[in-house]
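This is what each chain is made of:
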Amino acid sequence: MGLARASMRARVALAAAVGGIVAITSAFLPVGDPDAFWHLALGRAVLASGPPHIEAYSWTAANTSVQSDQWLGQLVLALAYESFGWKGVAMVRALAGGATIALTAFVALGERARPLVAILATLPALLLLRGVWTERPQLLALVAFAAVVVLLRAALRGQARALWTCVPLFLVWANVHGSYALGLAMLAPVALWLRRRDALLALAASAIATLLTPAGPGALTAPAEHFLRPPRYIQEWAVPELITPAGLVLAVTLAAVLVTALHGRAGGREALILVPVVFVALTAARHAAFLGIAAAPFLAAHGPGALRGIAENVGIRQLAFGPAGTSRIVAPVSVAIAVLSIAGTAIVAPTQPDLRAYPVAALPALRAGPGLLNEYDWGGFLIWYAPATKVFIDGRLSPYVPSVVDDYTTVIEAHPGWRETITRLGVRQLLVRPDRALAVRARELGWREAAAGPGFVLLDVPR
Amino acid sequence: MRATHVLAAVFASAAATLAVTEPARDPDLFWHLATGSWMLDHGRLLDRDVFSFTRVGTPYSAGQWLGQVALELAFRAGGWVGIELLRAALIGVATLFLSRAALRIQPHPGWSAVPIVGAILLSRLAWGDRPQLFTLALFPVFLDLLLRARRGEGARPLYALPALALLWANLHGAYILGLALLVVFVIEAQLVRHPMRRYLAITLVASALASSFNPSGLIALTWARSYAASAGQRVAEERPTDVLSPAGALYALLLLVALAAALLLGRSGLSAKVGPPLLWSGVIVPFALLGLAIQRQLPYAGDVLAPFVAAAVPAALGRTRSSSPRLPRPLALAAIGALAVLPVAVGALAAPREPDLAGYPTGALAELRARRGNLLHEYDWGGYLIRAAPDHPTFIDGRLFPFVPDVLADWSKAVAAQPGYAEVLERHDIHLVLLRPQRPLAAALGERGWPVVAQEPGRWVLLARP
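In order, the protein sequence lines correspond to chains A and B. Numbers given in this note's numbering equal positions in the first sequence, counted from 1, plus 162. Numbers given in this note's numbering equal positions in the second sequence, counted from 1, plus 845.
Everything labelled a hint here was simulated from the structure, so no lab data went into it. Hints should not be assumed to be uniformly reliable.
[Said to hold, decoys possible] Some but not every residue of chain B turned toward chain A, in silico, with C-beta under 10 Å:
#1 VAL1037
#2 PRO1091
#3 VAL1130
#4 ALA1267
#5 GLU1271
[Stated by the list, open to error] Here are some chain A residues the structure puts well away from chain B; computed CB gaps all over 12 Å:
#6 GLY247
#7 LEU373
#8 VAL567
#9 LEU600
Heads up, the beta-carbon is just placed ideally off N, CA and C, and yes, glycines get one too.
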């Protein structure tokens, strides 16, 4: 018996080994995502007094009500930080990424595919995941997404009870990240397709579970707003560009899905999962990873058959992939690799964040309180490293849409009326990149330079 | 005559009638007309810049010369109505052959209508009055004739493709799409040893040779690579497709329906009810990805998806394939004749007599005529200024490639008031600036004492060096 029909133990071991290798490899990556800092700050606030409801970090949206739709993910990050410092944050990231890939490989291996085919089918997920390999709750949500794919495919294979596991999963997911809505959009057609009472009950229970968040049904507000009207001016929310390296992987994955659909014998059940995921993956660059994860088992299950179909079409009658390798040592070796890799992440994870992209040298010259206008992607950094200084805007975005974002754009791009906007809002300092039109104009006007360094300039606004 | 022929004419007539009632407004139309006019007046190809002051004398491709001449001839013959009638005719041809291709695979009008209408709506992205209209028309012609030959319904029309390729290569640079389509059919036919494979191969070779007879020769083929690699970084219409935009959502719907239908049918179902899977994957996958990569290419992705969706969806739902009823030939010909006359009649009665210039700084022309000096202006007003203000050579315009990378970089830096913008103005000796008022440069120059000599609030502002 080959690994194509290997035992559950071998599957788990091999998937864990793949996930472990991915985890330890990713642990080498530096920490320093612009949003990681404000997620950590919010996680600390959750630790101290529960999910916050009032905005406390900015001066432009101060005291407005805010949603804590990612509080659980932020709490996990903060606990990791409080326990192990930046190394802990890097480990959470590495383990979440590794778990996502392990689950993807696990479900691909379960499709009666040869291990090599399953691993190859998992490759797009790994490559597309690289784009969202950040220290955010979003990465934790991908673990939940991969788990839902596992459960849905199990249900479609006849194990409808697997859908009950979705209920606690959605409860957690809804408190980690707004992407749980995609999970529901996949669960619903599968449950309806199965036409079983328990599947429909599991769907209803899962939907109810997603309401058990601090914001209740309102937890969907921000994700829905972002999904339907994505802030395209933010790079990760931009339309996927297929001529970039990440876009190319997305294009190849989509091409593989289309070719497999046209040449395989997949059946309509695959459409229940793939169709919504393909659409979502095309909506924004940050969603591309979903397709990699959902496509892996599909490609593993039907890719070889599709290749055989093409071969038959062109007259090659004997296309085969050879006998599966049989080895009893695969499982123990895989377990060893997984354990060593996961343990190794604690050793190789960085102990300090990479702050080269941030205006560290400006920190001593910042004034406390309100009045700073900062670059959008420096907001999180400032929340963490300059808590006494309130930010103008940061990566949370939702509290700032639309009026603060409009003011920010007017000022930072020096549109007509930028000086009036500065006066109206009471901006006292500008912390921006030197190639900004705002920096150019302020310098032309002779505004005092409080600090400057590679990649930033801090200017005082004259009274 | 088959009823599908009449039905295709109905779609074509409807699309053409819709098209003829829209005014000309495309920003690039004006420089295409100016180029065509220059070539007709001088009796030779225009292969170097004569319209800008930043790149004057610089050689560039005259690859669309025939399309530009055709546009100008239409204008000289019928003014703006002539342009609109030419547009309607080309869109009618595009729709006719798109419909023929879809109805060839799915004769049932109900199942075909929805994807055909979807593809027509997608094609509206390319309804601007430019030589690309010829590509819009010729791509479905190639698709339909190739499908016809591949399905064994007649190979004789293949002989027209080399001649069409020769025309296409001189009408518009995207003729490579037709060659790419041919390559797909040739490869598939060779792989499956289709009886038509030799005819198709000969057609490809002849078409490739014929298309090399253009002012740039075979070099024109290399543009596709540079175009694919960089165009989207500069021009909005070349950016990737946003599936949340109306056109993008429609395209995504077609693509996802095609995917779902393919999954439901599987290889054997497709093979039996829709056509050879190898051919469909060869046609759908590259053009679907092209449509996602560059929104301007969506119409061609729609063209290849429409026939597939028309046939695959009812097959996936278990509907049996219907055949097209026959109509008495005189009746069918009369109907087709009436449908052909309809857009012409509507054009004569209702086609706009003037272009829609609401998006252009028409009110600045008088002030521009009274002033001298180099002008810096909005990118998409360049073509209009070439035609409307010939005394002021442009800084940059929709021809783009002569201005890449230096002039475009200077322009981008200047209008965004980025570091070095003042040097750009000095280096190009700019005396006049005509921009949308929200541009940072407009604000910066106003603060630096450049007087506003004319403006239309919210639309444009003309500043002069003090």
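Is the Cβ of LEU600(A) more than 12 Å away from each Cβ in chain B? Nearest chain B Cβ is 9 Å from LEU600(A), so the label is violated.
Classify the hint on GLU1271(B) as holds or violated, based on whether any CB of chain A lies nearer than 10 Å to its CB. violated (14 Å)
12 Å cut-off, C-beta based - GLY247(A) kept clear of every residue in chain B: holds (39 Å)
12 Å cut-off, C-beta based - VAL567(A) kept clear of every residue in chain B: Correct as stated: the minimum Cβ-Cβ distance to chain B is 15 Å, above 12 Å.
Are VAL1037(B) and chain A close enough, Cβ to Cβ, to be under 10 Å, as the hint says? holds (6 Å)
Per the CB criterion, is VAL1130(B) less than 10 Å away from chain A? At 5 Å from the nearest chain A Cβ, VAL1130(B) passes the 10 Å test, so the hint holds.
Classify the hint on ALA1267(B) as holds or violated, based on whether any CB of chain A lies nearer than 10 Å to its CB. holds (8 Å)
Does the closest beta carbon of chain A sit nearer than 10 Å to the beta carbon of PRO1091(B)? Result: violated, 13 Å to nearest chain A Cβ.
When you look at the beta carbon of LEU373(A), is every beta carbon of chain B farther off than 12 Å? holds (26 Å)
This entry does not satisfy hints 2, 5 and 9, going by the numbered hints stated previously.
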